[in-house]
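Chains A and B, in that order, are what the protein sequence lines are. Letter 113 of the first sequence, counting from 1, is numbered 113 in my numbering, and no numbers are missing. Letter 367 of the second sequence, counting from 1, is numbered 1367 in my numbering, and no numbers are missing.
A portion of the hints provided could be inaccurate.
Now the in silico label distances, taken between C-beta atoms and shown as ranges [as the list claims (entries may be wrong)]:
no.	chain 1	residue 1	chain 2	residue 2	range
1	B	1430	A	515	42 to 50 Å
2	A	356	B	1525	51 to 59 Å
3	B	1315	A	515	37 to 45 Å
4	A	9	B	1504	53 to 61 Å
Simulated from the structure, these hints should not be mistaken for lab results. Keep in mind it's a predicted model, so treat the numbers as computed, not measured. In this text, a Cβ means the ideal position worked out from N, Cα and C, and glycines have one as well.
Number of protein chains: 2
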Amino acid sequence: MQPVLLAGRWQQGQAVGVFRATCPQTGEPLGPEYPVSSWEDCHQALEAAQEAFVQLRRTSREQIARFLFRYAERIEARSQQIAQTAHQETALPLKPRLLEVELPRTVNQIRQAAQAAQERSWCRATIDTKLNIRSYLAAVGPVVVMGPNNFPLAFGSASGGDFAAAVAAGCPVLAKAHTSHPTTTRLFAEEALQALQEVGLHPATVQLLYRVSHEDGKRLVADPRVGATAYTGSRRSGLELKAAADAAGRPIFLELSSINPVVLLPGALRQRADQIAQQFVGSCLLGCGQFCTNPGLVLVIDGPEAQQFIQTVVEQFRQTPPGTLLSEGVLENLHRNVQKLVQAGAEVLCGAERLPGPGFHFANTLLRVQAEQFLQAPQTFQTEAFGNSSLVVVCQDLEQLLRVIGTLEGNLTGSIYAHTQGEDESAYAEVAFALRPRVGRLLNDKMPTGVAVTAAMNHGGPFPATGHPHFTSVGIPAAMTRFGMLQCFDNVPQHRLPEELRDKNPTGRMWRLIDGRWTQEDVKPQPEAV
Amino acid sequence: MQPVLLAGRWQQGQAVGVFRATCPQTGEPLGPEYPVSSWEDCHQALEAAQEAFVQLRRTSREQIARFLFRYAERIEARSQQIAQTAHQETALPLKPRLLEVELPRTVNQIRQAAQAAQERSWCRATIDTKLNIRSYLAAVGPVVVMGPNNFPLAFGSASGGDFAAAVAAGCPVLAKAHTSHPTTTRLFAEEALQALQEVGLHPATVQLLYRVSHEDGKRLVADPRVGATAYTGSRRSGLELKAAADAAGRPIFLELSSINPVVLLPGALRQRADQIAQQFVGSCLLGCGQFCTNPGLVLVIDGPEAQQFIQTVVEQFRQTPPGTLLSEGVLENLHRNVQKLVQAGAEVLCGAERLPGPGFHFANTLLRVQAEQFLQAPQTFQTEAFGNSSLVVVCQDLEQLLRVIGTLEGNLTGSIYAHTQGEDESAYAEVAFALRPRVGRLLNDKMPTGVAVTAAMNHGGPFPATGHPHFTSVGIPAAMTRFGMLQCFDNVPQHRLPEELRDKNPTGRMWRLIDGRWTQEDVKPQPEAV
């Protein structure tokens, strides 16, 4: 059985069970046996994480950045094996997806995080020179990261955005691998430990468990030694973790579910129905539909162009060989939720069935429902069917479309396609006004599946898309601020302040809000505070 | 029975009960009868708040600022009556406290919020010009404000920091008065409604209920029409509201309880024990100890100077006539919690008893416990005895002091007094390192009761001091960000963007993070996004 990474050592730990990954292509077990860890292992990990946190608080930000840079290099040096392993464990295409898109994105965001740790602007240092009151975001403590199944690299528990943001903020990470890709996660953790040792950072800055019981998971996120938890995954598990963490007053950041409504206004369809259908098919079937931002709900106003759009999508869905789903669980949930939608009254335009043969395959699925029917059970029709499936809601007019939007839960994204010469402008205004507060990111004439790693990104949104509408899990430095607690220093002399809050700008490049003005300058020498 | 302020009108509403305020000086009922509102009233308020929110989203920030400025003027014009009423309802001193300190602070923070609404920097507009991805914090929706008993003006539900921050962020406020000062709150709401009408803002931007049942309170904070809740008050009620809001995924910001440890290092006591005792007595008895930041726990290392400090405090506590407590509930809780501490083994140095006569009075109380005993039941000894009481923990040495600090729960503040010529420096470093992550604000050589309204303030801290260590409830603009949801615009053309995210800086003064650089400039004209 594979060892876990605890307190800087690969060690057997105390397992309470064992599991193996499954090859999604064949349904057969894959790779070595991995432990289901006991609470004893969690406890040991938390103790070591606390110790690491104490050291990280005394460690220069430069050294933390060096670790991240070195880790990125080591990942690149092993990228073939990592991507190949992830391909085996997830059946996501090796090229371009894993090797040419997700892996570069992974190292890119680690490097962005490293740069942010160096520059330090992320901590929003705020200085009132007259009162000598100064505050900034400081590392909140050890962070438990529980990554999802669908991005083994860029959202991986020991490699992804949450991991990079937490470490760059100065927090040790206790990674809980997703059980569908344990070996991929192990390869990352191996490189992380090496990089930690190379730069001399506390070796428990990164720890890895592969699986814990449901009960231990809840106990973990509620433990007082945990500074915060970052979770991406199913709504059901996420809500259980949220309840446990909330009750204990421990911060938890969750990305739970999203159906990412796409509104196609009449002018846009008149102008370019086929082109939009093409974009939609590409986005909806990307990664076999297993994207948090998959366009799972399409809203159209009835008419010949809307029918043309639907017909084109059906044709292309039929012609495109369905991809392989990540796991039997994904396949079963997809099947169950598509059935739920159909039983509620959605019409099957194509797909809606499991495909025979080894491995996990589901026919590309397009469903249709009339808005009138949608409005009778809006909750049910917003059931997320995670995978290569989408539901088209056909509205009779703009007024009905707006009523449908008025029933939507919180989502990560919402897209609106409109006529490029302005013919939809007044409808756009009404639709955008209604949709805007319900989504984290509003896109125009663009499908939602691309999530750029930029400071201006919001990969977040109102509940139940996430646990809190204030935060994003993608985008440096904003994603880092989740792992900061606000610390204020009142009447504290210079030599006792953290570098970020001293008069002298610690990097010469750090942005600070000094007396209401964002600046990279030093604080001008002050007369002693009265 | 007094009407409630619903949907822009003072109306009877549907009461399920009735209550009156109590004069803390006499224990007699005071002022008119006020309704306990039914859920029907809450529902009506939420419908109206939603409507107001729709209008506020379309309203210029300038107009929102005008309302706040006008409201501040109207408060000032009625300041005598407001302060006098608050004095009657709370027994807090009219002068200087209510009229000369709290009221000016109240209008000052309303004006700061108005300026922040005008300038707009609070929303942290972030622009990636290359990708044309832009994000900012937008108003989260109607905000329920439940203010505390102890600051009828500056934390009042319809006048205080939460109120001002929410409105300035663009959120309508549904105020739930504290039942100990309904008339004070009514006077504010009367002025608010007048000011709304004068500037033409939606009249349901400010609504007022006086009291709701426990069950309706929980239903309120969990209602999907609520954007967020801000609560300041007792831990028990706050945790019940938190559980209800959390389960529904509605943001709730809570300030719950805090005992605000004060560490007196040996050199400081050697140097100026009497002076520190003086400061401590002033801070601890201010407002009869009814401050969120009251120094309720003092940590000293045993020695003659520590004994001298204690003796001086006892003398002054005995000599100072105790103030009047806010309510019978405060008196009973104080009595019960002091008894709890005493039963756990704290020694009574003075006070610890209710005083006879009409009204709510408790003897100024100083308790003492040896650190060894404290460490046997650290949870119990951190019981908050809200009022004119404090507990001194006597440690044998620095190591024991650090162990005591290691058991502390999250607090709003922590203070360290040290020798001014550096004799405590190494002890300071250890104490500060241990205390820092447990408190929101760390003070040096200063008692915690002053909370300046500055951008650099943190009136927040780790659970259970508040519900989330990332946020502050005092300090503009940071306090406003609690009421913002992150909204991203991806590939949205200029004319459809909110003003804050267009190329042109909407005020010429607004700070925005453009391509990694904080600036007040416009975005330079870009080639069309690809």
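Taking the hints in turn, this is what the structure says about them:
1. For the pair residue 1430 of chain B and residue 515 of chain A, the supplied restraint of 42 to 50 Å is violated, since their beta-carbon distance comes to about 32 Å.
2. At roughly 57 Å, the beta-carbon separation of residue 356 of chain A and residue 1525 of chain B lies within the given 51 to 59 Å, and the hint holds.
3. Range check, residue 1315 of chain B to residue 515 of chain A: Cβ separation about 42 Å, and the 37 to 45 Å hint holds.
4. Our hint of 53 to 61 Å for residue 9 of chain A and residue 1504 of chain B holds, since their Cβ atoms are close to 57 Å apart.
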